[in-house]
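Novice: One-letter residues, chain by chain:
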Amino acid sequence: MKNRLLWPLIALAALLVLNLVVTPSFFALRMQDGHLYGGLVDVLKNGAPTLLIALGMTLVIATRGIDLSVGAVAAIAGAVTCVHIGSSGDAGTAFVGMAIALVLCAVLGLWNGFLVAGLGIQPIIATLVLMTAGRGVAMLVTEGQIITVNNDPYRQVGAGFVVLPISILIALAVLGLVAFTTRKTALGMLIESVGVNPEASRLAGVKSKTIIWTVYVFAAVCAGIAGLMISSNVSAADANNAGLWIEMDAILAVVIGGTSLAGGRYSLTGTLLGALIIQTLTTTVYTIGVAPEVTLVFKAIVVIAVCLVQAPKARAALSFRKVAVS
Amino acid sequence: MTESLSPVVEMRGISLAFPGVKALQDVDFRLFPGEVHALMGENGAGKSTLIKTLTGVHRPDSGQVVLAGTDVAFSSPGQAQEAGISTVYQEVNLCANLTVAENILLGREPRKLGGIDFPAMRKRAAEVLSRIGVHIDPASSLGEHPIAVQQLVAIARAITIDCRVLVLDEPTSSLDAGEVAELFRIMRVLRDEGVAILFVSHFLDQVYEISDRMTVLRNGTLVGEHLSADVDRRALIAQMIGRDLGALEAIEEAAEKHQADGPVLVQAEGLGRRGAIEPFDLDIRAGEVVGLAGLLGSGRTELARLLFGADKADSGRLLVDGKPLHLRGPRSAIAAGIAFSSEDRKGEGLVADLSIRDNLVLAMQAARGWTRPLSRRVKDELVEKYVAALDIRPANPDALVRTLSGGNQQKVLLARWLVTEPRLLILDEPTRGIDIGAKAQIQHLVTTLAAEGTAILFISAELEEVVRIADRIVVLRDRHKIAELDGSASLDEVVELIAGGAAPEKVAS
Amino acid sequence: MTALAQRVPSRFLPVLATVILFVLAFGVGSVRYDGFASGQVIANLFIDNAFLIVLAAGMTFVILSGGIDLSVGSVVALSTMVTAAGLRAGWPVPLVIIAVLLIGSTLGLLMGLVIHKFDIQPFIVTLAGMFLARGLCFLISVESVSIKDTTFRDVATAVIELPGGVTITYNVIIALLVVLAALYVLHRTRFGRTVYAVGGNEQSALLMGLKTSRAKVGVYVISGFCSSLAGLLFSLYMLSGYGLHAVGMELDAIAAVVIGGTLLAGGVGYVLGGLVGVLVLGTIQTLISFQGTLSSWWTKIVIGVLLLVFIAVQRTMMRGRFRSLA
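Residue numbers (the numbering used here), protein chains in the order written: chain Z, 1 to 326; chain V, 1001 to 1509; chain F, 2001 to 2326.
Chain Z on its own, in the form it takes in the complex (with noise of 0.2 Å):
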């Protein structure tokens, strides 16, 4: 387990590195008007979307599956609060609004759980369904504008502070419940055990269905969540590009994070560790003055040498079941 993060650990280490060597002030914290500013507090500004959403990917991936929908759901989001508020500037219709739009990113999850538990879908097609069409929905939501909002508790969400940024806090609040409950109830294990063996599962008496239908919720809530703090960061829901490939950005943490796409044994700290390394990449990059695009090939980069890394022992645990089979 420990071993598991060894890399990732390391990977993130060596650009928080290279970061202060070119920029010496990247560590540096300071406060003004009781808010903490500085270069470790922007890249958990900015990666509190991916970690969020990423958090939701490492349990689906755990049970075997995977959401590519949440990008398309996390737009929605956006686009369902920015139409509920429209010119308003009072809280109660900005919580209303987002009240309504997180139970419909629950009943998107539902859905979403419906194909894969119920129908018994493969999850990279039920969830392309939503990927797909999810854009779309949001931008009937929005009739294809995009919607700004002036509404100052709003834009807390994504742009406000407790002395850290509230979206910073907010992530953070979501990882430790989901650390605790799957921790300290029996949840992880069950989500694990489906993973490995969903039959074997069944037949022991584990509500399969249901710890599934759960994780595509959980993973469309918190795909929801992050999808109110882009749109509340920028206050404007556009549906065409708010959490644009951040899908892909969520799987990619928690493969670095070390869980396999094969499903059963997963690591939360791995996946938290992956979202960081991501960002401190992206940061990077900003940072030595790179045209922002390129970011693409240092991911590709980080991805394969991560995955490489990790392979081996793949290989060990292969040669290791022909023992068992003999």
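Note that these hints are calculated values from the structure, not bench results.
Just so you know, not all the hints are guaranteed correct.
[Stated by the list, open to error] As a list, the in silico BS3-like pairs of lysine-lysine whose alpha-carbon atoms are at most 30 Å apart: (1) Z:Lys184 - V:Lys1385; (2) Z:Lys184 - V:Lys1379; (3) V:Lys1379 - V:Lys1346; (4) Z:Lys207 - V:Lys1123; (5) V:Lys1346 - F:Lys2211; (6) Z:Lys207 - V:Lys1379; (7) V:Lys1123 - F:Lys2211; (8) Z:Lys184 - V:Lys1346; (9) F:Lys2117 - V:Lys1346; (10) Z:Lys207 - V:Lys1323; (11) V:Lys1385 - Z:Lys207; (12) V:Lys1346 - Z:Lys209; (13) V:Lys1312 - Z:Lys209.
[Said to hold, decoys possible] Derived CB-CB ranges, DEER-like: (14) F:Leu2109 - Z:Val103: 46 to 56 Å; (15) Z:Val103 - V:Gly1369: 23 to 33 Å; (16) V:Gly1369 - Z:Val309: 33 to 43 Å.
A virtual CB, placed ideally from N, CA and C, is assigned to each residue, including glycine.
Take the given structure of chain Z and dock chains V and F to it, following the hints.
Specialist: Only chains V and F this time, still in chain Z's reference frame:
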């Protein structure tokens, strides 16, 4: 009879180690043309590893493989096939989505203008199939045919090339008696044509029926090579398990029969499921061991799955303590005190990547739901108790179940259900593919549990075992329950009922 | 034994369903809109989707083998960029074509090797490929580069007159040639049948002595080649190279292949299914543009719904068709 010929295969001093395990140590093996040679040994003796070394799946760490007088070192199954060594595995290793003809000939298909010549391919496939007396359409998808026919297609594939050595690795484990007879007929035809056949089976009857010679392995080493006619069963078993026969006799003693007079616990009335098992009535009393006897495919597992709610019944009803129980799935059965240990340990039983501890408490935890976790202390107590009681090795609760031997995996699965203190324990083939020591322990456990008042439904392909430990025997044939015998019934009676006069189903349609 | 007449249709049912859908969609268009049922509208379906037909053919190989290739859209973009940049630098057209095809095939080869040698999931490797290819676009140029080469423009605008006054472009000819070649390779060669075998049961294919590694790596080379060829066709169609070309086109390709009846689990499907799948997608777009008042986002929603319907249909038809061998 074949002593004068020189062996077609000679393996000398083969050693092979996997991480942590010496799978083969200095093993010699020879195989003569025109013989059926049985490779015997308990699970883990190294049979599969030896076969895979011969067929190019594994490469030995040391030793040499000589094929028809020349040293060979295959690096893939393909190379071994080209040299005339073909293998048919226990699980049919063909592709269900391709046609029968493709499955037989792909890799050496007839060609025309650089592409595959399909008409010629179908024609050749039909020829090969008729050589072994199977008549099916070569252009049909393999997946449309039953497993037994697929197995014969696999043999057809094996003999299309100039096959000098045919390896059959437990080919009979999923065949019924008629299908086995058909397979043996084909094996004799090939043997008489001069093919050397290497045969692995757990069924001693079959081994004695078909084999000319046998090689016995134990713990990765060679124990002996004999003509089959020269060695009797007791001697063979002694060689395989490498200890005195006390273990076997202990089983005999353990099986004290008693007439259960406890109250009826579980009662099935006209319970049935189309295509799986015809409606049947069955009473199971507390403290009673009910044995299910029947051939593979007779509906044994299907019956058990209905009682557990693993499949939904489409007729009849189930009563527990005289009250109807609506089974919506395994969970409702578990809540009613019914437990089911599946025959498919790896696929439907254990969660391989989780620890012994997690596997042990899984059913109990699942019944409680994820919101009411078992405390660490309770878990540790349970694990300690059952690891000791069942002699599970290694006794490390954090060991992944994947790394355990078959017998210990079976014990973990049993322990998972014992933890829930079931009133009816359904055991589907709990002793299959495990070594004799573990087998004796499990059989002993069954009788002990029954004496303590647990009702047990015991399923096994080994009729002797069923007859030995059951207080009552339910006989199944062709998905019908045909009889119920009391514990004093003899093996012959049961066999007669199962054979039942009806002609065995033809293998090929 | 099942009679031949009963069996063949069941194998072709998914493709047949797609063909019927295409005819229906086209029929609806013909009844409702004047000028819809013209040869030129059909020809335009091919002209506007030639690149997608080529992509779908390559994707069919990968999906049949049980894999997936997320990089195809990005490789299309990279190919347009290399084409545009190469021509701008004054390279002769044949050299540009060879360079583009080589780059695409090499990327495919690399991805295939990583997938096969290190046993890493295709999903994650091709995701890295997707990032890499798009990142490389931006390394060449962040801006759109237009193609001014006269030879290239001549080929792009050249039309071929068919009987009945219908015109097509060379793109269509190339796309159809690719489909024919794919048909031949998949159905008439050992390599093609091995691809099916690997998708059906990889372990079995290996034990049958088939060259599974060649098939597993080969499908990604083919997909890479098809992607770069599609990129050339796309360059002809757009007459520019741009890093943001073909965003999300991998999803269109996957959707077309799935709607065409290929199982994502591998082993079952046809190249022609993918072709018809592309035509269905094209027809929907044409319908929506003829309709005039429907906005473009409806296309996404309809594709999502179609995906759903086809997955559901496949589930019901495939259920119990193949007795499990494992």
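Novice: The structure should be examined with respect to each hint, and the outcome stated for every one.
Specialist: Hint check:
For the hint pairing Lys184 (chain Z) with Lys1385 (chain V), the CA-to-CA distance comes to about 24 Å; that is within 30 Å, so the pair holds. With a CA separation close to 14 Å, the supplied pair Lys184 (chain Z) and Lys1379 (chain V) stays within the 30 Å bound. Note on Lys1379 (chain V) and Lys1346 (chain V): the hinted pairing holds, with a Cα-Cα distance of about 23 Å set against a maximum of 30 Å. With a C-alpha separation of about 51 Å, the suggested pairing of Lys207 (chain Z) with Lys1123 (chain V) is violated against the 30 Å cut-off.
Restraint check: the Cα-Cα separation between Lys1346 (chain V) and Lys2211 (chain F) comes to about 29 Å, which is no more than 30 Å; the hinted pair holds. Simply put, Lys207 (chain Z) and Lys1379 (chain V) have alpha-carbon atoms about 21 Å apart, close enough for the 30 Å limit, and the pair holds. Simply put, Lys1123 (chain V) and Lys2211 (chain F) have alpha-carbon atoms about 24 Å apart, close enough for the 30 Å limit, and the pair holds. A threshold of 30 Å between alpha carbons decides the hint, and for Lys184 (chain Z) with Lys1346 (chain V) the separation of about 28 Å falls inside it, so the pair holds.
The suggested pairing of Lys2117 (chain F) with Lys1346 (chain V) holds, with an alpha-carbon distance near 27 Å, which does not exceed 30 Å. At roughly 25 Å between alpha-carbon atoms, Lys207 (chain Z) and Lys1323 (chain V) fall within 30 Å of each other, so this suggested pair holds. Of the supplied pair hints, the one linking Lys1385 (chain V) and Lys207 (chain Z) holds, its CA atoms being roughly 27 Å apart against a limit of 30 Å. Between the alpha carbons of Lys1346 (chain V) and Lys209 (chain Z) the distance comes to roughly 21 Å, so the proposed pair stays at or under 30 Å and holds.
For the hint pairing Lys1312 (chain V) with Lys209 (chain Z), the CA-to-CA distance comes to about 17 Å; that is within 30 Å, so the pair holds. Taken as a hint, the range 46 to 56 Å holds for the pair Leu2109 (chain F) and Val103 (chain Z), whose Cβ atoms sit roughly 48 Å apart. Remark: the range hint 23 to 33 Å for Val103 (chain Z) to Gly1369 (chain V) is upheld by a beta-carbon distance near 25 Å. Take Gly1369 (chain V) and Val309 (chain Z): their Cβ atoms lie about 39 Å apart, and the range 33 to 43 Å holds.
Consistency note: the structure conflicts with earlier hint 4 alone.
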